[in-house]
Each structure stands twice: as structure tokens, then as C-alpha cells.
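Visitor: Chains A and B supply the protein sequences, listed in that same order. By this note's numbering, the letter at position 292 of the first sequence is numbered 292, and the numbering carries on one by one without gaps. By this note's numbering, the letter at position 176 of the second sequence is numbered 176, and the numbering carries on one by one without gaps.
FYI, nobody ran anything at the bench for these hints, they're computed from the structure. Do not take every clue at face value.
[What the hints assert, rightly or not] Taking lysine-lysine pairs in the BS3-like style, the calculated list, with each CA pair at most 30 angstroms apart, reads:
{"#": "1", "chain 1": "B", "residue 1": "46", "chain 2": "B", "residue 2": "315"}
{"#": "2", "chain 1": "B", "residue 1": "310", "chain 2": "B", "residue 2": "50"}
{"#": "3", "chain 1": "A", "residue 1": "153", "chain 2": "B", "residue 2": "192"}
{"#": "4", "chain 1": "B", "residue 1": "197", "chain 2": "A", "residue 2": "153"}
{"#": "5", "chain 1": "B", "residue 1": "197", "chain 2": "A", "residue 2": "336"}
[What the hints assert, rightly or not] Computed list of chain B residues with no C-beta within reach of chain A, every gap over 12 angstroms:
{"#": "6", "residue": "56"}
{"#": "7", "residue": "190"}
{"#": "8", "residue": "277"}
Computed from a predicted model, the values in this text were never measured in an experiment. All C-beta atoms, glycine included, are put in the ideal place defined by N, C-alpha and C.
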Amino acid sequence: MNYLYFLYIEFLAKHNIPKIFGDITFYVIPACIIFVALILVILVLVLFERKLLGWFTQRKGPNRVGFWGVLQTLADAFKLLCKENITPIGADRAVFNLAPIIMFLPVLIALGLIPFSSEFTFMNFQTNVLIYVILATFPVLSILLAGWASNNKYSLIGGVRNVAQILAYELPISFTVLSVIVLASSMNLTQITLAQSNQYGVLGWYWFPCIIGFGLMLICTLAELNRCPFDLPEAESELIAGYNTEYSGMRFALFYLSEYGMLFANSLFISVLFLGGYLSPFGKYLSPILFSGPVGNILIYFEQAFWLFAKSFLIIFIFIWVRATLPRLASFDLLKFSWNILLPLSIVNLLLMSLLKFFVGGVYA
Amino acid sequence: MTSLKLNLGPQHPSTHGVLRLILELEGELITRCEPDVGYLHRGMEKMAEKLSYIQYLPLVDRIDYLAGFFYSELLCRNIEKALSLELSPRVKAIRVMLLELNRISSHLLWIGAFLMDLGAVSPFFYAFREREVILKYFEKISGQRMMNNYFVFGGVRNDIFDIEEIERFLEILPHKLDDYESIITDNLIFKKRTVGKGVLDPKIALNFGITGPNLRASGVGYDTRKKDSLYEGFSFSPIVLGNQDSWTRYKIRILEIHESIRIITQAIEKIKANPELNNNFINPLNIVLPEGEYYSEIEAPRGVASCYIKSDGKKSPYRLKWRTGSYYAVNLLRKLLVGEYLNDAIAIAGSLDIILPEVDK
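Bound conformation, chain A alone (with noise of 0.2 angstroms):
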């Protein structure tokens, strides 16, 4: 990032423009760059999981609006856009308007920490993990916000259903982040990513040391994203949407966007943490060697993201899998099953990491 910074500071003093315009612009560049991608790569993902359910189920998904369906999710928007904006009789206005706004806010914050690729993280903290494990929290704000101000018993059931499970699966996430902190001794993400390359490709990633921990961020993950087995807070066949069944319009959109944003942001984490963010699984960049001189050089950066994206798919794969084949938990096995089997594994395998460094260090250093 420093390195754009000041390819950037130089282009604005070849056009005598002040360095102070500089330092201030520049950092609402990204922030735009990532509100653009943000759309349009929800865009795709729903697209993407609509097809795949619709091959899951011998259906062919949309195939309506634009080539192959296209078109489909941007039809959808345009919809939503139009649609009346109703706020309940009975509700609390003000939190009412204010929770689907909380709930897109950090999504857009948490996107901004990954690294994309070596020189692209718009926000390189030291502890960004630890900001993104916060930052991943917020959500349950908005919906306890949101289910409460509907003034709707449907809602309220939904939003305190959230509240006591992301309590019980962020501890599990909070220790498998831990475990993988020990292994990289950094909380930066850049340094992890740069931690996985070694002399063993993709077995140096961490998903291979850290298998139980890469088992439970997955299950940890769909918990906190409300995706199905862990749909409670919007379980269809008993609270109709739950938090959001008094939504509608472009409110109800921006839940759905956030939902969606959130699903892109942890698959990326996710992949950041375990399957070697933007490293090449070939073990060298493949843009060097098909395009030399300075394009291949410059490539790269493309490349890292590439398959940063790629790794993100695949995860985002498997939990789309995962919704078509698995039926709900009920609620009260759901918070069992975290604090009788995911906590104690997590802190098991917390354990096993730190070992695993202290013994076998020099390998994962």
C-alpha cells in the first residue's frame, strides 16, 4: 500500500496539487473502489448461489432476465429499488431506519482489512485480524436492532435467537483465530499470508497443520452468517424472515446485501487464514512466466488476487453445498453443540498448534 501511496503523492505533485489533498483523498478512493466491487461482486454471488442451488436441485436456476440469467440479481435490485419503503405501525423509527445502515457499515470496513494481494490492503493495521474478529460481531447489533424495533414478535424471536448464537460461535472463531495467530506469530494478515509460503506449497497452507481448526472456522463461519444448517434467526418455516420480515425495499436490500457482502468478506478471511490468501497453490506466480518484461511484473498483483477470489469461491462453494443437502438445527442443539463440542475443540486444538510451534517451530515460523 505504501507503494501506491506514494506512486499516488507523486502523480499529485507532478500536478502541483497540495500533499495534504493527497493524504485525505487517498483513503477515500479505496473506500469507493470497494463500494463498486462490493456490488458487483454480490452481484455475481448471488447469481452464483441461485444456479448452484437450482443444479443441486435438477433445476436450472434463473435463465430468464439477460443471457443464462445474467441479468437476473440486477432485475432483483432494480425491484427492491422501486419498491415502497414500509415502516410498521408501532415501531421505533428511528433505530428501525437506522439498523440495516449499522449492519452494512462494518462489511464494508471488514473488506478494506484483506489483503487482496502483496501491495493492495487498504487498511494495513498490525492487529487487523483482531479488527476483523470484532468487526464480524456487528452484525448481531443490527439484528437484535432491527428485531426489536419492528415491533413484530416474529422479528423479536429472530433477533434474540441471533444474539445468543453468535455468543456461542464467536468464542469457538475467537480461538481457532487464536490458534492461527500462534502458528504466524502475527495478527497482521499480510504477515500470515506471507507465513504459509514455504518449501511445501499447498500442504505448508495452514488448512493442514490447523485441519480441526480449518473444520471449525467453516462450521463457526455459517453459524455467523445465518447460513443454513445455522438459518434460526430466519428460519422460513417457523418466523417467516425473522428479523427482516418487516423489511421491505431498499431496506430490505441492504440487509440482503450485507448478508451477502458478509458471506464474501469471511469466505476471503477464511481463505486468508487457511488456504494462503493470495499465494499462487503452483507455489510461483504464473504471470511472469507467461508475460515477460514489465506487464508480467505488474500482473501479478491481478494474479494474487485472482486467486484470493478463486479460494474465496471455493469456500463460498462448499457452504452453498452445504445449504442444499442439510436440514435446520433446532435451536437448542445449536448452542449445545457449540459449548459442548465446538468450544472445548477449539481450546484442544489452540493447544495443539502452540505445541506443534514450539516443537516443530522452524517449519511454520
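On the provided structure of chain A, position chain B as indicated by the hints.
Guide: Only chain B this time, still in chain A's reference frame:
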């Protein structure tokens, strides 16, 4: 703790049809359940008093749109009994075949809907894929996918054809059922949500008038097909399982489909052995039942269904009464849901296979 009154339905997206349950909750624990029915009441019984029998015949399929053949069979049977019309062997075999196909399609839909209640989406589509074959065949022979109006007094409307289609379907169906079982039956989450949930004591079941698969899943071997004259000469055994919970009610329906396949294979043999249709029609325009009471019953997919007619010797009945299995199952929810959690409420209600048009008539 103050209790929360929750109105589940009638516009809830996943109560089957327009069922309304008034629940009182403490936390998520249900302390009282009051089913409220009648949102789909069409006056099926009152209508009969103004219509002649042949006018009423197309309506009875609508009592349970998923198992329409059973209700037309009931009305036909009452009238055939009253006027002593004999059915030819081929007609009998055709009726048995279509009834059992209808049972399969109804059970398949139930499997899909039940898994949907539990939050699994895919089995719904898989079950519908197989059901589609049956409905296509119904459409071929009767012109309608559901509510076929195919049985008439004294026979069937037309002869059936393309039996090979059904034979081919019966060959693949057991494999498809194995496929369902491999993703559903031993699934840990599915078991967790159904084993030991909604336990129905056989005594309570009998007292509440529960029949059909729900009763047989509680260990009571009551199947009216055994003493049914239509099923004479067919070898089959009613399936009885004794675990009394939701999982058993799921398993018993899978096994019943297998049993129905057995019956249909025998029926097809009989159809092939009797190539002559020999309908025993009477002029439907002036059917008059002699004064008296007539009653017939049949094992429908959702329990024993029966039809009672009191005739005063006119063209339309003086009083006509339907007994349907679902009505009693809805009443049972009052007992079964208390002490359960809201999570399980829909799952337990779903496991009883309630169809609302059948309840409200």
C-alpha cells in the same frame, strides 16, 4: 415470566395451507396451543344437499386435492352399494392402481414438504420430480393433473392406456427412494430434530381419532385396506412401527410407498389379465338412492376417510357427512405441541401430514 401470545398463521408461509395456531409461549416453550380452522371452508357437505349425485361428483376431489381419487372412490362406492352395481375385475384393478399411485404421490409431496419444514430445500424438488411422473400419467388418462374426476358410478370414465409408463416408473422409484433415504433418514441433524419429538402415545392417538400412517407409527396396526372389498385378492401387509415419534412417522411413509409399489404391480397384472373394461354404468341423470343410510370408508393417505349419506329418496341426499383424517390430526396439535419448543412446533405439525382443505371441507 410473562407469556407471549403468538399467532402462527393463517398467512404464515409454512403452515400447510391456512392453518392458524394460537400459541402461548414462555420463552420459546409452548404452554398452550389452540388450533383455529375454517379458513378454507367451502361448504362441501351443505352443497351436496342441493346437487344431484353426478353434479356433486366433480366437487369431491377438491376435499383433498392431493388425494382426490380416494374421495371420488368413496362417493362412487356409496352409490354403487346403494344401487347394488357390480364392478368388473378390470375396473377394480384400475381403481386400486390409481388409488395407490395417488397415495404414492401424496406421500412424496409430504416428504418434500416435511423436509422443507425442517429447513432442507433439496428433497422437496427431488420428491416433486418423481411425483411429476405420476401426475403426468394422471393427466394423460383423465385430462387433469389433480382433481381428476375419473371414477364414475359403476366404473371408470375411460379405459387406461400406456401402462408401460407406470411399470417403468415403478422400476426406478425404489432406487429414488433409496436416494432420499441416503440424504435424509440417517442424517444426524434430521434425526436430532425428529427422533423422540412429538411422541404420540397410542392411547392418546386412539382417543383423538387419529388413523392412517400416524396411528400405525404409534404401534397400532389398523389399516382398513385389509377388510376392504376393493383390495380383495391383493397380498400386502400394513406397516406398523412402534417408536411413536416424528422420525417413525417419516419412515412409515417411505415404507408405505414401497408397499404401494407392491400393490400396484399386482394390480397391473390383474389389468393385463382382464382386457375387457365392462363398465356397469347407469343413467346418472336420475340417480335416486332408496331411503336409508349409507356408509363407506377407505384408507386414504391421511388416515381413514369415510362418507355417510342419509337419503330420503330424492335426487340429492338429505345429509352427507365426510370424515377426514387430517381434521383429527389438527385437533391433536392441542395436545401434542404443549411442552414443546417453538422450533419443533412446525416440525411436529408437519409430521402429522395435515392438509387444510381436508380439514375445513
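Visitor: Determine for every hint whether it applies to the structure shown.
Guide: For each hint, the structure was consulted:
Distance check on the hinted pair: residue 46 of chain B and residue 315 of chain B sit about 15 angstroms apart at the alpha-carbon level, within 30 angstroms; holds. Between residue 310 of chain B and residue 50 of chain B the CA atoms are separated by roughly 14 angstroms; this keeps the pair inside 30 angstroms, and the hint holds. Distance check on the hinted pair: residue 153 of chain A and residue 192 of chain B sit about 26 angstroms apart at the alpha-carbon level, within 30 angstroms; holds. At most 30 angstroms may separate the alpha-carbon atoms for a hinted pair to count; residue 197 of chain B and residue 153 of chain A meet this at roughly 25 angstroms.
This hinted pair checks out: residue 197 of chain B and residue 336 of chain A have alpha carbons roughly 17 angstroms apart, not beyond 30 angstroms. Taking the minimum C-beta to C-beta distance to chain A, about 36 angstroms, the non-interface status of residue 56 of chain B holds against the 12 angstroms cut. Its closest Cβ contact with chain A, about 5 angstroms, brings residue 190 of chain B to no more than 12 angstroms, contrary to its assignment away from the interface. With a minimum CB-CB distance of about 37 angstroms to chain A, residue 277 of chain B clears the 12 angstroms threshold, and the non-interface call stands.
Hint 7 alone, counting from the list given before, is not met by this structure.
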